[in-house]
Amino acid sequence: MQLVEQEPVPDQLTDRLARELTAVTERLSTTLPRSFDARHAGAVTAISLQLPKSCRQPLMALVANAVGRWTIPDREEYGLVSAMALWLHAEHLTVSERHDAAIPALEEVVGILRRQLPCPLDLMVKVLRALIYSYTTAGRRATAEALVRGLDADLHHALVEEVRRYGDVPDPPAAQPLDPRAAAVIDELHQARRTAIARNDIAAAHDADRELVAALRYLGRPFEALPHADDQVVWAKRAGLDAWTVLSGLSAALALRAELGLDPQLLLTKVDDAISQAASLPDHALATSTCETLLHAGAVAAMRIPRWPEALHHAQSLADSMRRREASPAEVAKADFNTTRPLIELGEISQAEQLLTRCKAMFEDAGADLLLGLTLCALADLAVRNDNGALAVELASQALTALYSSNDAKSVGDGHALLARTLARYDPESPYRFAHMVAAAMVAGMQGQPIDLDGLAHRLIMQGADHEIHTLVQLDERLSALPGVRFAELIPQLIPNGMSPDLGQTALSNLLRAIIDHKREAIAEIVRHRARWDPVIAAIVEARSDRGDPWYVQQFLELFAESTDWSGLADGLKLILDGRDAAAESSAADSVDTILLRRCIAATQGNIHIDPRLAMALPVCGVLADVVLAMEHRTGTAAIQTQLSHLGQSETWRDLATAISQMLVGEPDPVPARHHPPHIEAVIVLLHDADETLNPPPNKYTRIDKHR
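Note that my numbering has the sequence shown beginning at 1, numbered continuously upward.
Just so you know, the hints here were simulated from the structure itself, not pulled from any lab data. You may find that some hints are simply not true.
Straight-line C-alpha distance at most 30 Å; calculated BS3-like pairs for lysine-lysine [as the list claims (entries may be wrong)]:
(1) K410 / K270
(2) K237 / K270
(3) K410 / K237
(4) K410 / K574
(5) K410 / K519
Every value quoted in this text rests on a predicted model; they were computed, and no experiment measured them.
Could you put the whole structure together from the sequences, leaning on the hints where they help?
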């Protein structure tokens, strides 16, 4: 039967027709529930489609209730009728903003349609759009994204077109392409599934979906595996397979949802129900593996909520099960590791630390780098709880090294984030902190995860907007100060097949641009101040190293000490010049003073490098901030031109005036920077770096170093 929208019946007949149909349907669905088969459901559905939407609900609710009493084989046999009835019922619930009630019906419709051959594409797309809308409105956006990421290419393309037409749900993300050999294997399994469905060979369809789940999980595509895990359960029920086989498939589907973090509250309830069902069944060859899968899913779901007592119960039950079956020491250690987070959250710190220490030794012996890295991360967190800063930084560093050995990109990103947080607490002025923050953000961004632009922009401001990691090579050099860290080798793993290898550099460039744009005004201000004061800081460093004249620097600072804007900073810099670093920050009048004083202290202590040749630019430092401002807005004001005219009258600075004039009009200096006198080269590089920080190219960096 073809179900299509028709012209509605005249208004005067609507009420009477609705009453009569309702009476007939109630009689059929209550007194003769088994007689209310696909013919009746189809007839009522077809008639209701002729009614205005406001009159459909009484009929469609009865149809949906009747369909709900059918067995799974009945619903599958009359698939399109079942799907239409449930969809129209869900449509009414959606219009009534009862999304939580609509979601189960829509999920069942999607499942029924997915198992039809051929799949009715137009209807499937409309139902998917409704389901995504309900998920999103109900606050289950992650579930909506997981649904979309599990679609095949044709269905995904059709959904994108539908979304663009109506615009009421987020634009679906596209999946990365598979390696050709892997794609061939998956295509072969899909063909086996289609053949089984066409022949109505339910057992073969079950086996094909089971193999698809295993293959897709192995390939790291859990979103695509999820619908096949759900279908595997349905096929098992339709084929009349034993309860343990059905439960085994269900445990795989629940484990996937736990892994993806989907609806943990609902998931935990389903896991507990499945565990109760398993307890009532006789022993079976699948019993142990199924129960362990359920316990793991329950522990993960409970931790996400979080409900720590339940998480601990499930995790410890899993570890006990593994001990009873005499699993390998590494497997048992992995299960023990999963108990440590609940133990810590429940205040059992000593027990957790003992377990982690034991797990660490076990993973080292087994060469399990990923688990070793995760264990070291947990130990680092414990060191932070105990406020042992030195140990926390050491453990976080060791964790990152181990995670790099595992080649697990996401965990490496988490390791960079952990080390950055630990440095923020115990070594906030570390020159490596921002680099680790950027590395973590790059890994997250290239995997489609959110990025903390607020934190990145704030840190950049606090270090004077000076990072020196414009390129992947520079970032890799900064990070490789830690043994075993090979960031440049990690990035290719994050680039989809067939994409340009330059995508990593593009990602870094775009990230730096996003950070600047996020707090442009504040960052631009600190860049201008850095251009003004870096020559002063360089002169202080030289003076303290007995390579410069302290008296000359002191006299220069006295001039600023009398100004309204810079008196606090000048007083602090004089204290640093005298070697009294600890007292310097107390002179700061505002946050800008604090940032610049910390920068000066870091330079004197050798934590950051400021070109010593800039010390000779002390007499012209006041001009540099104005030049940076003009470069930022690509304008050369009359005031700047006057200052450059004065500079041009000095034999010492004539070449600098010429170079700055060229910069302001966007033309290259005809004389490469390296051919200028050293003090002028240093200033040119300073100005270029300031400009590059504020105006990074959108896709690819060309460093000034290449043109010297």
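Cross-check of the supplied hints:
1. As the CA atoms of K410 and K270 are separated by approximately 28 Å, the hinted pair is consistent with the 30 Å bound.
2. Under the criterion of a C-alpha separation no larger than 30 Å, the hint pairing K237 with K270 is consistent with the structure, at around 17 Å.
3. Under the criterion of a C-alpha separation no larger than 30 Å, the hint pairing K410 with K237 is inconsistent with the structure, at around 37 Å.
4. Restraint check for K410 and K574: not satisfied, since their Cα atoms lie roughly 47 Å apart, outside the 30 Å limit.
5. For the proposed pair K410 and K519, the alpha carbon gap of about 27 Å is at most 30 Å, so the pair holds.
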